[in-house]
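Protein chains: 2
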Amino acid sequence: MSTNQATIQAPKVVNGIEVDKVMSVINNINADANNGKWQFRSINQWTGSTQNQSEFNDYLANNGENISHPKPFVLEADEPLLLGGTNIAANPVEHLLHALTSCLTTSLVAHAAVRGISVEDINTSTEGDIDVRGFLGISADVRKGYQAIRITMKVKSETPAEQLKELAMFSPVYDTVSNSLPVDLVIEKY
Amino acid sequence: MSTNQATIQAPKVVNGIEVDKVMSVINNINADANNGKWQFRSINQWTGSTQNQSEFNDYLANNGENISHPKPFVLEADEPLLLGGTNIAANPVEHLLHALTSCLTTSLVAHAAVRGISVEDINTSTEGDIDVRGFLGISADVRKGYQAIRITMKVKSETPAEQLKELAMFSPVYDTVSNSLPVDLVIEKY
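Chains A and B supply the protein sequences, listed in that same order. Under this note's numbering, think of the first position of the first sequence as 1, with each following residue one higher. Under this note's numbering, think of the first position of the second sequence as 191, with each following residue one higher.
Rather than coming from a laboratory, the hints here were simulated on the basis of the structure. Keep in mind that a hint or two might mislead.
To be verified - The following label-pair restraints were derived from C-beta to C-beta distances: (1) B/223 / A/88: 46 to 56 angstroms; (2) A/154 / B/211: 29 to 39 angstroms; (3) A/165 / B/238: 32 to 42 angstroms.
Said to hold, decoys possible - In the DSBU-like style, the derived pairs of lysine-lysine whose C-alpha atoms are separated by at most 35 angstroms in a straight line are: (4) A/71 / B/355; (5) A/156 / B/261; (6) B/227 / B/202; (7) A/165 / B/211; (8) B/379 / A/21; (9) A/154 / B/379; (10) A/21 / A/165; (11) A/165 / B/379.
Claimed, not checked - If you want the footprint, here are the derived chain A segments under chain B, 3+ residues with CB under 8 angstroms: (12) 131-143; (13) 169-181.
In this text the structure is predicted, and so the values were computed from the model without any measurement. No residue lacks a Cβ here, since even glycine has one placed at the ideal position from N, Cα and C.
Throw the hints in and build the complete structure from the sequences for me.
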């Protein structure tokens, strides 16, 4: 243990998040806007029938800096029995709900942390309505994806709901889903 | 073993999918369009810092029929160390890539199956570019979510790539991400 305890400053932790770490990323990007360019990526392998899995090994931060995850994150997908699946894992539209609600939660908590706003608890209910006539190709007039998503976040905090909502809406997945994003899909045969 | 083997018809299986099961869902909806109304839903709990988890217990099919999963599917989320996280699980924008690529894969395989098209292998690379100046609130002019997503599916099949792409694009998550979807977010304080 250091004898210079007086010089050691405890990290500022709000909502369990070390605020200094987030501030150092922000400072790094303020110094060079190119450091804001990040990339996330996956490899997905079909494993038969309605099953497949994605592996996340690394990501790029700071305009190309490759950062490995401590171990690959592997995510499974399947479909319910009713859709001809084997139901061993959440299906893709369920994974989308997780992406969306987890992102709103983390965005709220992290943006609250850097503002010194304390949050004690968050519990979120999410419902996504889908008319499967679109996906199944029964009706070309019916949207294939969700027609509506409703999210109710119950937040224990002394900060007004309106302000908490502004923090949650920094969410990248909320933005991606709420607003259109052209996805470039290429199929290569082999 | 049954002695009436002549009366037993083997299920038609293409790409590992029992086509009859999918056709029976389609027939059920053709009989009553309301049976196409489904709902997926989750409960998400913040578990501290940048961690949270979603639980999927059931879904609604056929305009309100509650169908439980065999056991709840639990999905975790965290953030990389660089963003002040603890990096024990994929982060929300990674989960979005999994939702998207898993959905394209399953849509391709299932739609191929009902058309009798054989698929031998699918391996998919996905990249999502994000400028974190948006999420971090550094620049209001920068989109918070992904700015571009590129997907390359390598498919082993005798069917032309163009036709395979048409099948993949039945994907509900592809539709949800590619086209805008207003998300209704309510924050309730307690």
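Taking the hints in turn, this is what the structure says about them:
no.	hint	result
1	B/223 / A/88: 46 to 56 angstroms	violated (30 angstroms)
2	A/154 / B/211: 29 to 39 angstroms	holds (38 angstroms)
3	A/165 / B/238: 32 to 42 angstroms	violated (21 angstroms)
4	A/71 / B/355	holds (32 angstroms)
5	A/156 / B/261	holds (29 angstroms)
6	B/227 / B/202	holds (27 angstroms)
7	A/165 / B/211	violated (43 angstroms)
8	B/379 / A/21	holds (28 angstroms)
9	A/154 / B/379	holds (6 angstroms)
10	A/21 / A/165	holds (24 angstroms)
11	A/165 / B/379	holds (11 angstroms)
12	131-143	holds (count 11)
13	169-181	holds (count 13)
Checked against the numbered hints given earlier, this structure breaks hints 1, 3 and 7; the rest are met.
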